[in-house]
Amino acid sequence: MSTVAERVGVAPERLWAGGVLTALVALVAGALVFPEAVYDGFIWHYFWGPVQADANSAVCAVRPGSTVQYMYDSGACSNAAEPVAYPGYTLVSEVGYMVTLLVALLGVVFLLRRLDLGTDREFFYALIPFVFFGGALRVVEDANDAVPTAEALISYPLNTLFISPIIYFTVFAITLVAVVAAVWADRADVVERYDRPLFGIGSAVLLATLGYLFWLVITGADGVEFYPQVLGVVLVGATLAAAVSWWLIERFAPVVNEGTERIGFVILWGHAVDGVANVVGLDWMTALGAGPNLIPKHPVNQFVVDVTGSLLPASILAVTGDTWPFLLVKLLAATFVLWVFEDEIFEESPRYTMLLLVAVLAVGLGPGTRDMLRATFGV
-11 MSTVAERVGV APERLWAGGV LTALVALVAG ALVFPEAVYD GFIWHYFWGP VQADANSAVC
49 AVRPGSTVQY MYDSGACSNA AEPVAYPGYT LVSEVGYMVT LLVALLGVVF LLRRLDLGTD
109 REFFYALIPF VFFGGALRVV EDANDAVPTA EALISYPLNT LFISPIIYFT VFAITLVAVV
169 AAVWADRADV VERYDRPLFG IGSAVLLATL GYLFWLVITG ADGVEFYPQV LGVVLVGATL
229 AAAVSWWLIE RFAPVVNEGT ERIGFVILWG HAVDGVANVV GLDWMTALGA GPNLIPKHPV
289 NQFVVDVTGS LLPASILAVT GDTWPFLLVK LLAATFVLWV FEDEIFEESP RYTMLLLVAV
349 LAVGLGPGTR DMLRATFGV
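Mapping the sequence shown onto the working numbering, position 333 (from 1) lands on 321, and the numbers just tick up by one.
Quick caveat, the hints were computed from the structure, so don't treat them as lab data.
Heads up, some of the hints might be wrong.
To be verified - Pair ranges (Cβ atoms, derived): (1) ILE333 x GLY220: 31 to 41 angstroms; (2) PRO280 x GLY220: 38 to 48 angstroms; (3) TYR60 x VAL224: 39 to 49 angstroms; (4) PRO301 x VAL328: 33 to 43 angstroms; (5) GLY220 x LEU20: 24 to 34 angstroms; (6) PHE291 x LEU20: 33 to 43 angstroms; (7) LEU305 x LEU20: 51 to 61 angstroms.
Just so it is clear, the structure is predicted and the values come from calculations on it, not from any experiment.
Even glycine gets a Cβ: it sits at the ideal position worked out from N, Cα and C.
Kindly generate the complete structure, drawing on both the sequences and the hints.
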């Protein structure tokens, strides 16, 4: 069966670029011709408005006419005329970002094909620091919100670059520049292998981000603390949880990890970090002497907490907390994903497979790093 690109006689890369350009032109034209319906009612309402509200620490943002107003009272937001944008995601925005992610992944596959890159496992390992970096960069905004406005170094509109979902585009852009630079250094014989400078660039931007957070601690910024015991418990707990899961897989179901091999353990560990960081941050901060327990930032976390709290008696919850099932869910989900990646997938489409594995790791280790550092720095 022929592909669409073969039937129309156009290279897949050109077909992709043409489709993206057409969509952008249609969106911009619609916003110019029908600003209230397309821009105010769709683009701003579901995508940019929530980011503006979050960046200004508002309960909501409203757009009467061509101006934006921020409200800090829930009652006022409820009574405001549409469009009203609240921080966070909606069903419409989640679908939009999902489509954008899939289109972007396809574009990255074309880019990697042009660079003749992304078929080896070293590519996966070289991108790991960037996953840590994405989570740490989001904590910069969390810390920025925690300190008094007068002490915040990052203000609106610059802070929108560090707020979900814009932060994903920020991290993607930085990673893309790093990949191109590392490949150029390799092709110019400046370095022997591209993966080492790529890993180094990722480590450098990660250390710079962590350095900023530690600078806030050292300078005594209000609202930012440092609890090393939290960091230690999360890392040790995640490593133990991943090791036990790995042993069980290798002992009873080795077929699960035949395709991913060592990458499978990295993915398990990344999702274990997310699970343990949530358990510690939401249930055990007080017990560790690290301030009050944090509040769930994601709907899935809140759902697990609510279900566990409704099913278990208070006497058990007082001992176990209500977040521990989230760790089990993360490990089971990661195990299932590893099982999906069989050897044939790596052989048939190695570049797309590697990108999907990076995405799977990012879904766990990215928010896990954020939750771990939020708890560590008390923000």
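Against the range 33 to 43 angstroms, how does the distance between the Cβ atoms of PRO301 and VAL328 compare: consistent or not?
Roughly 37 angstroms apart at Cβ, these two residues keep to the hinted range, so it holds.
Note whether the CB distance of TYR60 and VAL224 lies within 39 to 49 angstroms or breaks it.
holds (40 angstroms)
Are GLY220 and LEU20 spaced within 24 to 34 angstroms by their CB atoms?
violated (55 angstroms)
Range hint compliance [Cβ, LEU305 to LEU20, 51 to 61 angstroms]:
Check passed, 55 angstroms falls within 51 to 61 angstroms.
Does the beta carbon distance between PHE291 and LEU20 stay inside 33 to 43 angstroms, or does it fall outside?
holds (40 angstroms)
Take a look at whether the Cβ-Cβ distance between ILE333 and GLY220 falls inside 31 to 41 angstroms.
The hinted range 31 to 41 angstroms holds for ILE333 and GLY220, with Cβ atoms some 37 angstroms apart.
So the hint says 38 to 48 angstroms: do the beta-carbon atoms of PRO280 and GLY220 match that?
violated (19 angstroms)
Hint violations for this structure: numbers 2, 5, all remaining hints satisfied.
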